[in-house]
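Engineer: These are the residues of each chain, in order.
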Amino acid sequence: MKKGYLYTIVFMFIVALVFTTVLASVNAIFKSRILTNEQLIEKKAVLNAMSITYNDNEIDKLFANIEEVKKDNLVYYALTDGSNQIEKYAVYFEGSGLWSTLTGYIGVGGNFKTLLGIDFTSQNETPGLGGRIEEEWFKVQFKGVSISDLPLTYGNGIDAITGATLTSKSVMKIINDTINNQVKELEAMK
Amino acid sequence: MKKELQTVFYRNLWKENPVIRQILGICSALAVTNLAVNSLVMGLGLMFVTALSSFTISLLRNYIPQRIRMIVQTLIIAAYVIVVDIFLKANLPEISKALGPYVGLIITNCIIMGRAEAFAQKNPPVLSLFDGLFAGLGYTIILLGVALIRELLGFGSVFGYSLNMVNFTPWTIMVMPPGAFFMIAIFIWISSNMMSKRTEKAKLKKQEAK
Amino acid sequence: MLNSPNISPFVIFFASIITSNMILSNFLGMCSFISVSNEYKTASGLGKSVTMVMVVTTIINYVIYKYVVVPLSLEYLRYIIFIIVIAASVQIIELVMDRYLPDLHIKLGIFLPLITVNCAILGISLFMVIRNYDFWQTLLFGFGSGLGWWLAIATLAAIKEKVAKNNIPKGLEGPGLTFIITGLMALAFIGFSGIFVIQ
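Chains as they are written, first to last, in our numbering: chain G, 8 to 197; chain U, 2 to 211; chain C, -13 to 185.
None of these hints come from the bench; they were simulated from the model.
A hint or two may mislead.
[Claimed, not checked] Here are the simulated DSBU-like cross-link-like pairs (lysine-lysine), alpha carbons at most 30 Å apart as the crow flies:
{"#": "1", "chain 1": "U", "residue 1": "Lys98", "chain 2": "G", "residue 2": "Lys78"}
{"#": "2", "chain 1": "C", "residue 1": "Lys148", "chain 2": "U", "residue 2": "Lys198"}
{"#": "3", "chain 1": "C", "residue 1": "Lys151", "chain 2": "U", "residue 2": "Lys198"}
Sequences and hints are given; from them, build the entire structure.
Structural biologist: Shown next, in the form of structure tokens:
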């Protein structure tokens, strides 16, 4: 079947037009939903970092007591208890892994003595190697760790990930940096 | 039609299974096979894309100019992949986060292009739809098999539910990339042994008949 | 939008060759890796072409993404845009090579159509976007990944040439054994993890 150039060009144009229209409308339909989901991931990470157990439909209710504070390069969420005392903090961090920027929250108790937990909101390390920082066993290790003597290191009950030495080291560096800078700043403000 | 469907089914699931018999489409998927849930979603996404792109390409097969055939096919495939990507982001955000760029890599999955070139070019739309669907199914089954074993040995869990096995030491190697290569090798080994046994039996039968 | 990660481009370069090799730890570009690795010479030729195409396409994709796609907020169309850029650049590279470097074209030309559907090429572009790399990081990431891919396929082909002369269980002949060798290579490459100090 031999067809002229004009036909080829018109055909390509129509195909491109049809598919782009379809995609644009699919994108428009789901756009707000995607945004909500991204915020939900953020909120879940905050709760995980504060080590609060929750089920999916009570997230908004829990956030009634949690306040977001943004100040220069310090971004954190604070959970207040009944008597307006701040009970828990979740401090935002951003740092470099082996491959990509790691972002997430670390939770600190109101007395600034222990870590409550850690959770990541975005990471793009190699799946099966560095990507394993998102596994529960790895994150749980930081729960309840004392931050009175820094820097934290692997060993003493905190294990690095096999075959992902660099990503593990980066995570530790990020945690130490965040405690040394943001958390200390927060403590000084109080 | 029914007969044709049966051949298409049998061929894609076993005789010419894209993963273990033709070694196609392994690129985009092995990385996510350390958890069964991820593999299942990935497989379903691939089935959707393969089926619909085969259908569309077959529908347009008499109108697509030869010269730009490949680029039109790629365009159609990419469009469906984007639909899958947006759908995952909107409905399964956590899985979408875990799969990351691997959803986009479905575009270059050789199975889809392979089915489009080898089948959808020459066959009617509905049959092509099923051909694509079954090719995707053949892929999903293998992927899920690999993932189930990797997750079971690597984490001691099935679909994320821990089996709470006493004294179980997880085989970390299964979660890491080499584990995937070894599992695929074992699947290929088993399947080609079964295959050659079957052909030998058929040969023997023929000889006896003589 | 996040900032680019604060990682030295040279760390990315070496890490993408060795510790996080495109094939051995990201499984990208498996199809041609398995099928074009029976002979060292051909494999090495394919490796060279992949490296070249990878550098060219990642740079073009980076520029297009940063200066066209993001300003127009067409991010959701990026898969289509990237794959078309890749297909077009492969065609252009082929034409240019045919015109100015005919010798090289005869040697590498047969591989070029294969490369369009090589997942590694599209993969690099997608990774560069999702990881927010800046220009130098992108350039060295593309180049390093290409070299890593070349290293892996050339090594595999060399091993396969040696192994082919031995006695192999019937069911493992061909792809089965290739996967086992690849698995062992992946293990060995993981052993390099930690040889670079970051920051």
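Engineer: Check the hint pairing Lys151 of chain C with Lys198 of chain U against an upper bound of 30 Å on the C-alpha distance.
Structural biologist: holds, 24 Å
Engineer: Holds or violated: are the alpha carbons of Lys98 of chain U and Lys78 of chain G at most 30 Å from each other?
Structural biologist: Holds, at about 28 Å.
Engineer: Assess, step by step, whether the Cα of Lys148 of chain C is no farther than 30 Å from the Cα of Lys198 of chain U, and give holds or violated.
Structural biologist: Given pair Lys148 of chain C, Lys198 of chain U holds - Cα atoms ~28 Å apart, limit 30 Å.
The structure shown violates none of the earlier numbered hints.
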